[in-house]
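Given the coordinates of chain H, assemble chains C, R and F onto it according to the supplied hints.
4 protein chains.
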Amino acid sequence: MNQSDVNQANKIPYVGTLGAGPLNAITDVAGVQVGHCTLSQGAIQTGVTVIRAHGHSHFTHKVPAAAVVINGFGKSVGLMQLEELGVFETPIALTNTFSVPAVIQGQLGQAISTHPEIGRTWPTVNPLVFECNDGYLNDIQAFAVKPEHYLQAHDAVGNPLEQGAVGAGRGMSCFELKGGIGSASRLVSIDQRSYTVGALVLANFGKREQFTLCGQPIGNTRVMNPVEPEKGSIIMILATDAPLDARQLRRLATRSSVGLARTGSTLGHGSGDVALAFSTAYTIPQERSAKMPAIAMLHEQKMDGLFQAVAESIEQAILSALWHAESVTGRDGHLRQALLEVYPDLKA
Amino acid sequence: MNQSDVNQANKIPYVGTLGAGPLNAITDVAGVQVGHCTLSQGAIQTGVTVIRAHGHSHFTHKVPAAAVVINGFGKSVGLMQLEELGVFETPIALTNTFSVPAVIQGQLGQAISTHPEIGRTWPTVNPLVFECNDGYLNDIQAFAVKPEHYLQAHDAVGNPLEQGAVGAGRGMSCFELKGGIGSASRLVSIDQRSYTVGALVLANFGKREQFTLCGQPIGNTRVMNPVEPEKGSIIMILATDAPLDARQLRRLATRSSVGLARTGSTLGHGSGDVALAFSTAYTIPQERSAKMPAIAMLHEQKMDGLFQAVAESIEQAILSALWHAESVTGRDGHLRQALLEVYPDLKA
Amino acid sequence: MNQSDVNQANKIPYVGTLGAGPLNAITDVAGVQVGHCTLSQGAIQTGVTVIRAHGHSHFTHKVPAAAVVINGFGKSVGLMQLEELGVFETPIALTNTFSVPAVIQGQLGQAISTHPEIGRTWPTVNPLVFECNDGYLNDIQAFAVKPEHYLQAHDAVGNPLEQGAVGAGRGMSCFELKGGIGSASRLVSIDQRSYTVGALVLANFGKREQFTLCGQPIGNTRVMNPVEPEKGSIIMILATDAPLDARQLRRLATRSSVGLARTGSTLGHGSGDVALAFSTAYTIPQERSAKMPAIAMLHEQKMDGLFQAVAESIEQAILSALWHAESVTGRDGHLRQALLEVYPDLKA
Amino acid sequence: MNQSDVNQANKIPYVGTLGAGPLNAITDVAGVQVGHCTLSQGAIQTGVTVIRAHGHSHFTHKVPAAAVVINGFGKSVGLMQLEELGVFETPIALTNTFSVPAVIQGQLGQAISTHPEIGRTWPTVNPLVFECNDGYLNDIQAFAVKPEHYLQAHDAVGNPLEQGAVGAGRGMSCFELKGGIGSASRLVSIDQRSYTVGALVLANFGKREQFTLCGQPIGNTRVMNPVEPEKGSIIMILATDAPLDARQLRRLATRSSVGLARTGSTLGHGSGDVALAFSTAYTIPQERSAKMPAIAMLHEQKMDGLFQAVAESIEQAILSALWHAESVTGRDGHLRQALLEVYPDLKA
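Residue numbers (this note's numbering), protein chains in the order written: chain H, 1 to 348; chain C, 349 to 696; chain R, 697 to 1044; chain F, 1045 to 1392.
Worth flagging that the hints you see were computed from the coordinates, not collected in a lab. Where a beta carbon is used, it is the ideal one built from N, C-alpha and C, also for glycine. Where hints are given, some of them may not hold.
[To be verified] Chain C side only, calculated, beta carbon under 10 Å to chain F, not exhaustive:
hint	residue
1	405
2	557
3	565
4	599
The shape of chain H in the complex, shown without the other chains (with noise of 0.2 Å):
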């Protein structure tokens, strides 16, 4: 797919000058899918969103990953672990804040049941949780998302991405517009290979007057108000075919912030800026009787491309949670608009 071909499709500004893949989504990175429940009534606007990493148990075939912290003000739950051993063994979870623990149950559950041996003969399993606080529009207090709706969102993986008010997306705010899941992808050519970057993110932060479209500011015709501070939060998945070991992989995690400073944010005070990139290349296996893969790991001089295909899609990935969001009503009676009935000239 090419840049025309993507602009043609959903309209949405395209980011930089790397090519995109068939779908500009994190999906077009092999045996990466996507899966969401939406919980969506009244007061209740929020839901799950789950991502994996490959069609096998990801206890027994762990993935490769690293997380970088830009802004800690978050509740994510597994990233000791993941830093220590440098993969993570469950499905990748996204939800709202009050709904970790929920979410968390669902996946001992759901890693119990595949591997009763987790916690008797195996060691215990580490969750994988991440969250934004999507308080404006859920009442997130009435704790309506349950362990069942973890596993609803994994029963969809697999389906085609659905994008904007969907899954753990659907009471997120951005920029004070509707925000959401996002996505896109990267095409980069090393040593006449091409690999894919591709980014999934859970878009709830900024304030309106700091919102850029490709470097223009379109938010700052509002008066900036300084006392409010930001209550939001973004959640940045990276996902490549490339060969990259944890230490790697988070460099790639690091160069988040570029795509996301270009979207206008400073990394609010109150904001948990959370990014986690893993690689599909290869896995790690659980039991100490395994053979363990070999893998020429790229050359560290080779990664430009990667960060530049990490800040592009992550840009996009924001844009293209705020092209997709429709407009939402949810707890006393709270409002946020879609993008484009706010801006309707930045229809194409």
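Okay, now just chains C, R and F, sitting in the frame of chain H:
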């Protein structure tokens, strides 16, 4: 309480050369209180332990703190935000690995109940839950701990401190003996003022052949089994009334590995070894309109005594857990014997 | 100085919406002063820049600070102790990569000369030297910088701030144009008080096709060369008179990547991107007998304005380096042209 | 070499239960070699020690490695880039605190001499220099070490390993006794293959009353002096032939604190305690066109034996430094006595 009184009272070998507080426990730090909820019925041998830093709401009176991940094979939650902001804002909870979501749920419910503004006009709250895997004695897959057990442990805060096979320590093992909750304190004189360092551990680590008592190898008469990796963990909570900021508290928490190493641990691969240190000398207000405290922190060159106190109190607290813990039989008839049953010669 | 005055004065596009200090430079932070020593003769195009936080000995009046390594491909020295203790204790020095040892030697000599107790009855001193590789223009293998050049730069501290191809910036390149020293400042009003954030950068990064001016891609008319990795770097020094501790200053330094990203950088593999933030609101005494300051730090929720100020002042400082730097011909006839020679349309 | 042979050879109490390599030294790791340059004349009691990981250029054959800063009161250089890239690219150098710039200069000169492309068509080189403060015995303000002393130490690489008051260890103190260079090794059998862990320490830490020999408090007959903070440090270098990546090597380096703690250290405020671990199982090429190695790393669950080896070899290496170091009189008649002079009963 001097050294000989302590020995008199509990027959536990006294570690080091600094004096202890009146209780030789974390509760010697003024304001710090502990409560347990213990579940003990057949295959269910587990529980929850709660530590409070002071008598006010921890959300409105945030506690300066820092955590150190010595070995990150663990599932504790809340450390990302604690690292970013240098405070915690709920009571500290300890439990088993699979009960983390239930205890988070308990903390969320309690925080919202106390402060209905949380997740509405106020930000969300950051649960702080530490865990070890008690799956040898406890049917961890049964998810026996419920949110109300957190509340019950919290209700018990202020009771005289119990140690051993109680609360979160009910099902824990240490050096393949019965482990659990242990505590100790040390006094440090700085500039004619006495400061207290208190330690509370959830001891669930170590292979028998590693066990070292005051420098003496006790366990290594057994042949070591190099194939079976350690699956344990230890949580080490440190409290002090010395005025320290988060950076200095991180330095304190780092020294917990000294006490741990001296009991024989080599920080095994599968052992989630995590330390948290907090100060009771001041609190940080939630509201931006509130006055910030103006505290003269301790001069860096005066910290060596505190470092020694950490090393001694952590080693002492681990011994205290072993000395207090009764034998427990749990899941599938698994038995962990009390230390003094296995080594009766250690009785004073 | 308001925005239009600034534009009037130096024709540099004004970044962002916050106002600047009177000089739009790091020296707007009271007490902060800068000096340069410039070496410019044939193949030798290099130098030293020194920044002082205050007028006292930095060893006896240590400066609260934190550094953030955004991309660690660099050879700066002094960050390990700065991270541990949260202070620096010499003036800040900038130079080229291979001149780091000469400048350390200059700092050591100066510190011992001022305080003969250092390394005797007092501890040793922690040199703080940042560097970028100016090897394209400068014969870096000639080791032209000597310890006395550090002293000469130090002697020049207090002169009106020069920017561009001066001091450590003499041989630096930025977006394959002439780079070097740039500076800017922004004012933030918090609780009816005005705080200043000042930035000084040593800009030596970026490929032409990345260069982005106030959101507009300037450089990307050229075909990108994906094979040649970036070899540059940027050092970003932030000063503020806001009362912040080391942890808070780390949060400030983290936001420097926002300004950097907006100029087009994707934090290239070979770019040593390092930021340091310090506060002039208080100092920490060397002597253990001295009284420690009792400072009410800024409430965390009031930091968003400072974060915006960092983003704006870093972006502005990079532009300022490009606007000020004259064309320089150095080693082997290598030429870096001034920005306005290559893009004359950018002249106001 | 079995345990009894080791004891026979050098009378040093044997630490732990694992066997040692033939030399009980870091040079048991195939390819690892050490050289010293010792300066000993009156008030000048100092030197340089160099460790090579293999016989090739370390710049073209980069060595996988990780460093852990246990206590950052130190001035070692090179760790920032090592952390980012997971390799080092010069021989490892040890010296006194104020000789760091001279040794950097020596490393730069050597690297450029070997590879004139460095700083021209190739990137610059990252010097790696560790230090301790030998100012009690050595006139550290004299800057006696020159760049050529680094080269002399490098020329001595390959000689039989000397320990004690030699090289960088010449002026070092340990527990207020004569310290310096010590080394040890341990063998670990994993999957029917024997791996070696070698340790070399520059021991310059500790107060007498802390000194603990194989669990026995030796030094604490003296009254402790709480006013005088520790000013020492220890550098701990670990080599192994096990195939580990940088993340795993960081886990190895972390365990060095276990061995250190068991000798009595409480990681004093003023002690720069730094550990580096490297693997000789493979190297990383400089040139982007070179083939990257495809290595099956050790399964994480097999690392416990290596962790034990680190703990034992570090403790043993510290003892070895004390056993080998002769009494030295230096600056102002300061004397550090050899261990066995002060404690003759420790002679086997």
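Going down the list of hints, with the structure as the test:
1. Because the closest C-beta pair between residue 405/C and chain F is about 34 Å apart, greater than 10 Å, the hint is violated.
2. Here the hint on residue 557/C is kept, as its CB sits about 8 Å from the closest CB of chain F, short of 10 Å.
3. The interface hint given for residue 565/C is met, as the beta carbon of that residue sits about 7 Å from the closest beta carbon of chain F, less than 10 Å.
4. Taking 10 Å as the C-beta cut-off, the interface hint given for residue 599/C holds, the closest approach to chain F being about 8 Å.
In this structure, only the earlier hint numbered 1 is contradicted, and the remaining ones agree with it.
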